[in-house]
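With the hints as a guide, bring both chains together as one complex.
First to last, the protein sequences are chains A and B. Per my numbering: the first sequence = residues 406 to 956. Per my numbering: the second sequence = residues 3 to 272.
Among the hints, erroneous ones may be present.
[What the hints assert, rightly or not] Among chain A residues calculated to face chain B with C-beta under 8 Å, some are:
1) L458
2) L461
3) R555
4) L738
5) Y747
6) N770
7) R936
[Claimed, not checked] Interface residues of chain A toward chain B, partial, derived using beta-carbon atoms under 10 Å:
8) T589
9) G727
10) L728
11) P730
12) I758
13) Q759
14) L760
15) M764
16) Q773
17) I778
18) A828
19) A835
[Claimed, not checked] Sample of chain B residues lacking proximity to chain A, with all beta carbon distances greater than 10 Å (derived):
20) V40
21) V43
22) E45
23) D111
24) M157
25) L162
26) A167
27) R169
28) L170
29) E173
30) G176
31) R181
32) P185
33) A193
34) L214
Since the hints were derived computationally from the structure, they do not count as laboratory data. C-beta: ideal position from N, C-alpha, C; glycine also.
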Amino acid sequence: MSLLLEIRDLHVEALGEDGRWHEIVGGVSVTLERSRVLGLIGESGAGKSTLGLAALGYARRGVRLARGSIRLDGEELLGAPYERLREIRGRRVTYVAQSAAAAFNPAFRIEDQCIEAAVAHGLMDEAEARAEARRLFAKLRLPDPETFGRRYPHQVSGGQLQRAMTVMALVPRPDLVVFDEPTTALDVTTQIEVLAAIKTAIEGEDLAAIYITHDLALVVQIAHRILVLKDGRAVEEGETSEILERPRQPYTRALVHLRRRFRPERPRPAEPPLLEVRGVEAAYGAVRVLEDVDLALWRGRTVAVVGESGSGKTTLARVVTGLLPPRRGEVRLDGRPLQPSYRRRSRDDLRRIQLVYQMPDVALNPRQTVEEIVGRPLTFYFDVRGTARRRRVEELLDAVELPASFADRYPAELSGGQKQRVAIARALAAEPEVMICDEVTSALDVQVADAVLALLLELQARTGIAYLYITHDLATVKAIADEIVVMLRGRVVESGPKSEVLAPPHHPYTELLLSSVPEMETGWLDRILRRRGHRAAPVAGNAPAEAGRMP
Amino acid sequence: MTPRMPWSARLGLALTLLFALLALVGPWIAPYDEARVVGEVWEPFSRAHPLGTDHLGRDMLSRMLYGARRTIGIALAATCLSFVLGTTLGYLAATLGGWVDAVLSRVVDTLMSIPTLIFALVVLAVLPPSVTVLILVMAVLDSTRVFRLARAVAMDVVVLEFVEAARLRGEGLGWIVLREIGPNTLPPLLAEFGMRFCFAILFLSSLSFLGLGIQPPAADWGGMVRDNANAIAFGLPVPLVPAAAIALLTVAVNLVVDWQLRRATAGRGA
Numbered sequence: 406m407s408l409l410l411e412i413r414d415l416h417v418e419a420l421g422e423d424g425r426w427h428e429i430v431g432g433v434s435v436t437l438e439r440s441r442v443l444g445l446i447g448e449s450g451a452g453k454s455t456l457g458l459a460a461l462g463y464a465r466r467g468v469r470l471a472r473g474s475i476r477l478d479g480e481e482l483l484g485a486p487y488e489r490l491r492e493i494r495g496r497r498v499t500y501v502a503q504s505a506a507a508a509f510n511p512a513f514r515i516e517d518q519c520i521e522a523a524v525a526h527g528l529m530d531e532a533e534a535r536a537e538a539r540r541l542f543a544k545l546r547l548p549d550p551e552t553f554g555r556r557y558p559h560q561v562s563g564g565q566l567q568r569a570m571t572v573m574a575l576v577p578r579p580d581l582v583v584f585d586e587p588t589t590a591l592d593v594t595t596q597i598e599v600l601a602a603i604k605t606a607i608e609g610e611d612l613a614a615i616y617i618t619h620d621l622a623l624v625v626q627i628a629h630r631i632l633v634l635k636d637g638r639a640v641e642e643g644e645t646s647e648i649l650e651r652p653r654q655p656y657t658r659a660l661v662h663l664r665r666r667f668r669p670e671r672p673r674p675a676e677p678p679l680l681e682v683r684g685v686e687a688a689y690g691a692v693r694v695l696e697d698v699d700l701a702l703w704r705g706r707t708v709a710v711v712g713e714s715g716s717g718k719t720t721l722a723r724v725v726t727g728l729l730p731p732r733r734g735e736v737r738l739d740g741r742p743l744q745p746s747y748r749r750r751s752r753d754d755l756r757r758i759q760l761v762y763q764m765p766d767v768a769l770n771p772r773q774t775v776e777e778i779v780g781r782p783l784t785f786y787f788d789v790r791g792t793a794r795r796r797r798v799e800e801l802l803d804a805v806e807l808p809a810s811f812a813d814r815y816p817a818e819l820s821g822g823q824k825q826r827v828a829i830a831r832a833l834a835a836e837p838e839v840m841i842c843d844e845v846t847s848a849l850d851v852q853v854a855d856a857v858l859a860l861l862l863e864l865q866a867r868t869g870i871a872y873l874y875i876t877h878d879l880a881t882v883k884a885i886a887d888e889i890v891v892m893l894r895g896r897v898v899e900s901g902p903k904s905e906v907l908a909p910p911h912h913p914y915t916e917l918l919l920s921s922v923p924e925m926e927t928g929w930l931d932r933i934l935r936r937r938g939h940r941a942a943p944v945a946g947n948a949p950a951e952a953g954r955m956p
Numbered sequence: 003m004t005p006r007m008p009w010s011a012r013l014g015l016a017l018t019l020l021f022a023l024l025a026l027v028g029p030w031i032a033p034y035d036e037a038r039v040v041g042e043v044w045e046p047f048s049r050a051h052p053l054g055t056d057h058l059g060r061d062m063l064s065r066m067l068y069g070a071r072r073t074i075g076i077a078l079a080a081t082c083l084s085f086v087l088g089t090t091l092g093y094l095a096a097t098l099g100g101w102v103d104a105v106l107s108r109v110v111d112t113l114m115s116i117p118t119l120i121f122a123l124v125v126l127a128v129l130p131p132s133v134t135v136l137i138l139v140m141a142v143l144d145s146t147r148v149f150r151l152a153r154a155v156a157m158d159v160v161v162l163e164f165v166e167a168a169r170l171r172g173e174g175l176g177w178i179v180l181r182e183i184g185p186n187t188l189p190p191l192l193a194e195f196g197m198r199f200c201f202a203i204l205f206l207s208s209l210s211f212l213g214l215g216i217q218p219p220a221a222d223w224g225g226m227v228r229d230n231a232n233a234i235a236f237g238l239p240v241p242l243v244p245a246a247a248i249a250l251l252t253v254a255v256n257l258v259v260d261w262q263l264r265r266a267t268a269g270r271g272a
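One chain only, chain B, in its complex shape (with noise of 0.2 Å):
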């Protein structure tokens, strides 16, 4: 690590952690089962209930907390897949061209032309619902688009000479893809990584309102958002507060994501 880390990392940094731990312990530490109706419908803030309830009477801080480990850890495995997939079949493509490109870009075209939502709609509804399929499913969808960007990066960084040389010492495959191309596009795919994993919770919301995602009575963020919707037309801030946990996590994510990408830029000059 760099000895000067900017604040706004450290506040990231430190916000990503917080999270990352209350996914790991969260279970344990909350006060009630996540199913369990507790109280009245949308009560207010109070000490037996610190966020409240909601739309069915469960406690929001029990929810919150066994939804962090799933909303958390499904995009999070999804995108760490769909980054594996699709930067490198990106590579190969940039990297031998000809057919292989041919074909992969072809596949690829096909998959996104395919209403995403609509996509997953019909695969989930065909297979059995469980959390492996889901994250299977979110993964492959969203290679597609890594692989456009790790591919479009990488044929920039192809053509020059320093690859090249790399090929004409009769490197391996192998070797041109991880050692030369790989460091030289990671910025945009770490950039773009930070991103993804945003959407792929704000995905995995939309799924779960639409029933294909988690199942209830479990609980995760985007579909606690979706459940007490109706609480805004009251004035209730109840929804907000799965909504500001999705915020805060996308923007500590970030905040790590820009740091790294400096540092990463930083070597390389002007």
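In isolation and in its complexed conformation, chain A is listed as follows (with noise of 0.2 Å):
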């Protein structure tokens, strides 16, 4: 096997606040064969990005590629001149961003956009470069491939304009294409059919790739080898079987073993629930976005909510707490009903059912201090002031587990997963008995979200507070719920104990969505694959997971 790129001891560094440079990827070294997918992984921050970004020997603005060699094909891309970069971008070398939906041209048709890199090389002309885009679209089993492409990037969905950027990254046959987090902005059943797209898509092509992921579950079924990073640092490097078989630092044993959290779940309680949702019917102006819901919860336990973004689930909390008052049905809580609107809600009502949002960047005034945030519902609900309430929002850190001196701090000065965490303790100081977690985890990284998790259920095992936990993540609901309800387009398809509603039969729709859920070994994506739709090839190239949404 031929040795096609080669990085060695890169450091990137980037330009502070301060007017300093920075280093932000310390001496990382990567080698990488022809026909070989080479997995980057780690957290927000760990500098993939940037790396795979060297590859194309390109650094962001305020970033530069201060030290090392960036080897292709023998060739040093460190420090080439600027026209010698270009003729190598978007020919031998080529990116595949995040988010599709920024990276296309709204203004312009999807083809036209995917054999510009091929033409403009002089590579093809264009009816060359067209055939070669249909096939490809075929390849990834897009849907009418010869007519496809005359669509604009609005008119199809994000899944398969995240499949026509992998078709325009593939169209100049380059020799090596980076993939940074691909499947990221999509929901889990559109991942899966992505990752299987790309799979196939680089088997055949004679070409080497890299794939960049903070998932290890999704890196293992695509990667021969993977590097991960943490801080700017490889921290470990080796096939994927290795990695994933005998993981040597303890961050990557942390990585893999993620994701096996599981809860058993607890029998209902013999008394009546204490929150319940009777045939809730809701809208925003005309468009019905929830139809008859149901759902009961019982004091101490956990409730998921589960679906894809647009099922109604996050409506469902918002009629729960009453910022969207209902058009048909209630709300009860401790068998009374509740009033329809917060704003008629008495104070202790208010009280006992208390939200965490998704976002905890927003979800916190920037302008307070985190004993203002926290502090503030003790002073409001329990008239708590002075030092009494300061030594109360200490405890609150401490079951948080935060040190009490981020009382004095703002939120700017936090993480994304401290943040969360004082969101969670401005809920818990309101001493609520339901506790509605909106997605609490998916803005957050993997081992942060993990441990957010952990501390969810030690505060209810200690408090006896009942979760309505929302989220679109199966693997979250099999480590921490008690039943689980699965929502699709504003109904409840299916709903009951988690063993029950993980055990088949399944609704097919409960079926997808727990496929989906990728798993820590290298052949499942394959085996996932022969099961569903690529028993019989799709009619037209119609995805199962867009044949699955059908109802």
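Right, here's the structure in full:
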């Protein structure tokens, strides 16, 4: 096997706010042979994308490739003249960005954008490039490959656009493709389709690829070798099976063992439910988003509401909190109906149901200190002030595993995971009986998310709080739920105790969701694809994910 | 205050304080009365008249000192009032929405559809000329612009989840406006304040020129530029003196505002 890319001892620096250069990648070496896929994995800020872009000899604005060597087929890219780099980029090395929606120009047709690089570089004439693009459209199982490219980016789904972007990268027949989190912005079920498409696309094309992601379970499906990055340094590198079976570094080990958390379900208590949603129908204007939704939550238990984006999960939370009064149906707390609008609920009713948001960045007032944020519910509901309040705030911070000194910080001085802990502390301060967690871990890195989940479980064991946990991630559901409610297009398609919902026979949609959660083993994707849609080639390339959405 | 203060802010602060001091003590240290004719028309700078004399032979330095208090005082009072009025109503409109927002916004639209200067002319011609009336008219007219800005920035903040969290907690309107929205909309409003203050000085001088602002013989800087504008044709620097004062004050105030702005945004991260 011949060596294609060789990065040696690469140092990358970024311009800080203080006007100095800080190292963000410190001495990483990468080697990649032809027809091989290298998985780059790590948390946000680990330097994955920076390293991926360095393979194109490129650094983002405010970032510079400081030292080291980047050789493509023996040719040094670091310090190469700009004109030479232009010849290489888009011809020999191409790039697939995370958000296809942002990467496509909305004003041009998809096919015209897909062939642009190949034609501009003079690799093919227009007719050849179009033929090549259509061949790849078909290969990536896009619907109606002959005419697909005539559409505009907004006329296709997110998963299709991401595949179209892969076509764009492949048309010039590059030697190396860099995939930068190509499935992160997609729904679970779509994600698998795109991953499978990328895998087939790479296989027959005699090229090497770098696949960047933060999800180890995804990358093991596609990569031959894996490089684990942490804080700009390579902490471990090895063959995929080797990393999975014998992770050497504690960090890698933690990554491998994530998603394996599982709590056995507890039986329903023999008492009436604490929170009940009965026959709720809700709408935004003329658009109906919830239809006849029922749900029951018992004291000290967890109900997980699962579904893809647009299934009405978050709307359900808005109905329960009173932000969106339902058109029909009611929400009961302790057997007593709650006022439909939060404006008319008593202070005590408001206190008993607390909401924790998905994005901790906007859920905390940036102009208040942690003490003010966490302390306000104490003053507001319990009239606790002064040193007593400070003490209680410190206790709450301790409960969410943050040091007491954080009380004086502003949200901007905290990391994403720390902010989410502060948001949880704020909710706890009200001493609620029900906590609604709206995708609380989805904006966090896997490892941080896992720690937050562990915290939620621990808090429940200690305080007997009940969770209404909203998520699209079945791995999380397995980890914490007692009962599961599966939602599709504003309706509950399946609900019940975890063991019943997760055990066959499934509703077809539950089945699809379940089989879309990547498992931490190498052959999983191939197996799942054989079992699913690929048993019969989909008609006109209609992907099973899209087909599965039909009721 | 932060330990490190950029030199531009130091300069701005020093100049602003100097202007404030002159406004306070001006009339007492002025060598002549502002209205007394003490020499020839447009005398050059001399020991007796360090800044020369104006188009009627009055001492320029004395008029500058008397004018400082009036110009800065009225402009500052009008701007502050317009901000109190504009931001309060703007925040209310953004927070309450619905018909409150609709009514307030339409009233403001109506006011803004009439050219400011003409509107001021009409109102001031009807009402008795006094400093209080002048300040009120300037403040009300200016507050329409502040309202629009305050409402727009508050709209962006109102939809954020921490405001929703406060509502779900059951917080009242006062807390939401003052503690959740207010601090988060400060930077753009602060920048606007610096600019509006300068506009107020210029607006005041337009009114004075038209005979509806400060009544002669009382001095104000804007009026002094106008009174002596003809001197430019003779190559005399007289009108440049009050003009320079206005410019310097404007720059000084904005240097301070910029510094505050940077401080206000620094804590919020990238």
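Hint check:
no., hint, in the structure
1, L458, "violated, 20 Å"
2, L461, "violated, 25 Å"
3, R555, "violated, 38 Å"
4, L738, "violated, 14 Å"
5, Y747, "holds, 6 Å"
6, N770, "holds, 4 Å"
7, R936, "violated, 40 Å"
8, T589, "violated, 21 Å"
9, G727, "holds, 8 Å"
10, L728, "holds, 7 Å"
11, P730, "violated, 14 Å"
12, I758, "holds, 8 Å"
13, Q759, "holds, 8 Å"
14, L760, "holds, 6 Å"
15, M764, "holds, 7 Å"
16, Q773, "holds, 8 Å"
17, I778, "holds, 8 Å"
18, A828, "holds, 8 Å"
19, A835, "holds, 7 Å"
20, V40, "holds, 55 Å"
21, V43, "holds, 56 Å"
22, E45, "holds, 53 Å"
23, D111, "holds, 25 Å"
24, M157, "holds, 15 Å"
25, L162, "violated, 5 Å"
26, A167, "violated, 6 Å"
27, R169, "violated, 7 Å"
28, L170, "violated, 6 Å"
29, E173, "violated, 7 Å"
30, G176, "holds, 13 Å"
31, R181, "violated, 8 Å"
32, P185, "violated, 4 Å"
33, A193, "holds, 17 Å"
34, L214, "holds, 42 Å"
Comparing the model with each numbered hint stated earlier shows that hints 1, 2, 3, 4, 7, 8, 11, 25, 26, 27, 28, 29, 31 and 32 do not hold.
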